[in-house]
Amino acid sequence: MYIEEYQAKNNIEFKSISHFFSCLTNPQSKPIFEADYFLLIVVIVVISIIPLIQHLRLIWWISRHPHYSILTFKVIPEMPPRKISIFSIDNKYSCGGRYILSYYKYLVLPGKHKYEFWLGVLRGRGVYRRLFGQEMELDLLAGHQYVVEEDAMVDEFHVYDSCSAPETDNDIVETRK
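Quick note, the sequence shown lines up with residues 1 to 177 if you use the working numbering.
These are calculated hints, taken from the structure and not from any lab test. C-beta: ideal position from N, C-alpha, C; glycine also. Hints are not guaranteed to be accurate.
Unchecked claim - EDC-like mimics (lysine to aspartate or glutamate), calculated; alpha carbons at most 20 Å apart, straight line:
{"no.": "1", "residue 1": "K83", "residue 2": "E149"}
{"no.": "2", "residue 1": "K112", "residue 2": "E135"}
{"no.": "3", "residue 1": "K105", "residue 2": "D161"}
{"no.": "4", "residue 1": "K114", "residue 2": "D90"}
{"no.": "5", "residue 1": "K112", "residue 2": "D90"}
{"no.": "6", "residue 1": "K83", "residue 2": "E135"}
{"no.": "7", "residue 1": "K114", "residue 2": "D161"}
{"no.": "8", "residue 1": "K83", "residue 2": "E156"}
{"no.": "9", "residue 1": "K92", "residue 2": "E135"}
{"no.": "10", "residue 1": "K83", "residue 2": "E116"}
{"no.": "11", "residue 1": "K74", "residue 2": "E156"}
{"no.": "12", "residue 1": "K74", "residue 2": "D155"}
{"no.": "13", "residue 1": "K83", "residue 2": "D151"}
{"no.": "14", "residue 1": "K114", "residue 2": "E135"}
{"no.": "15", "residue 1": "K92", "residue 2": "D139"}
{"no.": "16", "residue 1": "K112", "residue 2": "E137"}
{"no.": "17", "residue 1": "K105", "residue 2": "E116"}
{"no.": "18", "residue 1": "K74", "residue 2": "D151"}
{"no.": "19", "residue 1": "K114", "residue 2": "D155"}
To be verified - Beta-carbon label-pair distances, calculated as ranges:
{"no.": "20", "residue 1": "S63", "residue 2": "Y93", "range": "20 to 30 Å"}
{"no.": "21", "residue 1": "S48", "residue 2": "D155", "range": "38 to 48 Å"}
{"no.": "22", "residue 1": "Q54", "residue 2": "K9", "range": "40 to 50 Å"}
{"no.": "23", "residue 1": "V147", "residue 2": "G111", "range": "13 to 23 Å"}
{"no.": "24", "residue 1": "D90", "residue 2": "Y37", "range": "41 to 51 Å"}
{"no.": "25", "residue 1": "T72", "residue 2": "G111", "range": "15 to 25 Å"}
{"no.": "26", "residue 1": "W60", "residue 2": "D90", "range": "19 to 29 Å"}
{"no.": "27", "residue 1": "A152", "residue 2": "G126", "range": "15 to 25 Å"}
{"no.": "28", "residue 1": "K9", "residue 2": "G97", "range": "50 to 60 Å"}
{"no.": "29", "residue 1": "S48", "residue 2": "K114", "range": "31 to 41 Å"}
{"no.": "30", "residue 1": "G126", "residue 2": "D155", "range": "19 to 29 Å"}
Based on the provided sequences and hints, a complete structural model is requested.
Put into structure tokens, the structure is as follows:
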């Protein structure tokens, strides 16, 4: 439709697809679809702004909760892929700002909270079917990283402290020369 209108308007006949594409890339020719160029620019701007907004949300959350714990999930590599997710924290299904996802790690509020995790298997395009869920009462310490790991033999999760900053004795000892 657009091509025929452009040909009639500019008294041009495209001989082949390559001739059409050469007119698209030739800076001397008139733009064929001016609105399409505008839409392309809008799409590029929107796509580039989304990661910026997510990063600003992460900075805002960390500024409000500077002492946080980190939860990572470890699943058994299988096909179709599996995924562990937080279903609720303290029986709040939207979790009410109690965590934020940052580069495959969940930054969560420290302290004693009731977590509900669930394991899903990929079914279709980005849709996970729930295999099982488990509620756990966890007392997380600030500055620690915890791993939630699936145990496929008994369909349950295990949580362990993977790495934390050790307590150090920072007494200053003066030495004389």
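Now the hints, each set against the structure:
Taking the CA atoms of K83 and E149, the gap is near 11 Å; set against the 20 Å cutoff, the hint holds. Pair hint K112 plus E135 holds up; C-alpha atoms about 13 Å apart against a cutoff of 20 Å. As the CA atoms of K105 and D161 are separated by approximately 14 Å, the hinted pair is consistent with the 20 Å bound. Between K114 and D90 the CA atoms are separated by roughly 5 Å; this keeps the pair inside 20 Å, and the hint holds.
For the hint pairing K112 with D90, the CA-to-CA distance comes to about 9 Å; that is within 20 Å, so the pair holds. Restraint check for K83 and E135: the C-alpha separation of about 16 Å stays at or below 20 Å, so the hint holds. The straight-line distance between the Cα atoms of K114 and D161 is roughly 17 Å, inside the 20 Å bound, and the hint therefore holds. Distance check on the hinted pair: K83 and E156 sit about 13 Å apart at the alpha-carbon level, within 20 Å; holds.
Taking the CA atoms of K92 and E135, the gap is about 13 Å. The hint holds against a cut of 20 Å. Annotation: proposed proximity of K83 to E116 holds, straight-line Cα distance about 14 Å (limit 20 Å). Taken as a hint, the K74 and E156 pair is honoured in the structure, with Cα atoms around 12 Å apart against an allowance of 20 Å. A C-alpha spacing of about 14 Å is found between K74 and D155, which places the hinted pair at or below 20 Å, so the restraint holds.
Pair hint K83 plus D151 holds up; C-alpha atoms about 13 Å apart against a cutoff of 20 Å. With a CA separation close to 7 Å, the supplied pair K114 and E135 stays within the 20 Å bound. Proposed proximity of K92 and D139 is supported: the alpha carbons are some 17 Å apart, at most 20 Å. At roughly 7 Å between alpha-carbon atoms, K112 and E137 fall within 20 Å of each other, so this suggested pair holds.
Restraint check for K105 and E116: satisfied, since their Cα atoms lie roughly 16 Å apart, inside the 20 Å limit. Under the criterion of a C-alpha separation no larger than 20 Å, the hint pairing K74 with D151 is consistent with the structure, at around 10 Å. For the proposed pair K114 and D155, the alpha carbon gap of about 19 Å is at most 20 Å, so the pair holds. Look at S63 against Y93: about 25 Å separates their beta carbons, and that is inside 20 to 30 Å.
For S48 paired with D155, a C-beta distance near 42 Å keeps the hint of 38 to 48 Å intact. Under the hint 40 to 50 Å, the C-beta atoms of Q54 and K9, about 44 Å apart, fit the expected range. At roughly 19 Å, the beta carbons of V147 and G111 sit within the given window of 13 to 23 Å. Judged by the Cβ atoms, the range 41 to 51 Å given for D90 and Y37 holds: they are separated by roughly 50 Å.
Under the hint 15 to 25 Å, the C-beta atoms of T72 and G111, about 19 Å apart, fit the expected range. At about 22 Å, the beta-carbon gap between W60 and D90 stays in the expected band of 19 to 29 Å. For the pair A152 and G126, the beta carbons lie near 23 Å from each other, so the given range of 15 to 25 Å is met. For K9 and G97, the Cβ-Cβ distance of about 55 Å falls inside the hinted range of 50 to 60 Å, so the restraint holds.
Taking the beta carbon of each, S48 and K114 are about 39 Å apart, inside 31 to 41 Å as hinted. Against the hinted window of 19 to 29 Å, the Cβ-Cβ separation of G126 and D155 comes to about 24 Å, which satisfies the hint.
Checked against the numbered hints given earlier, this structure breaks none of them.
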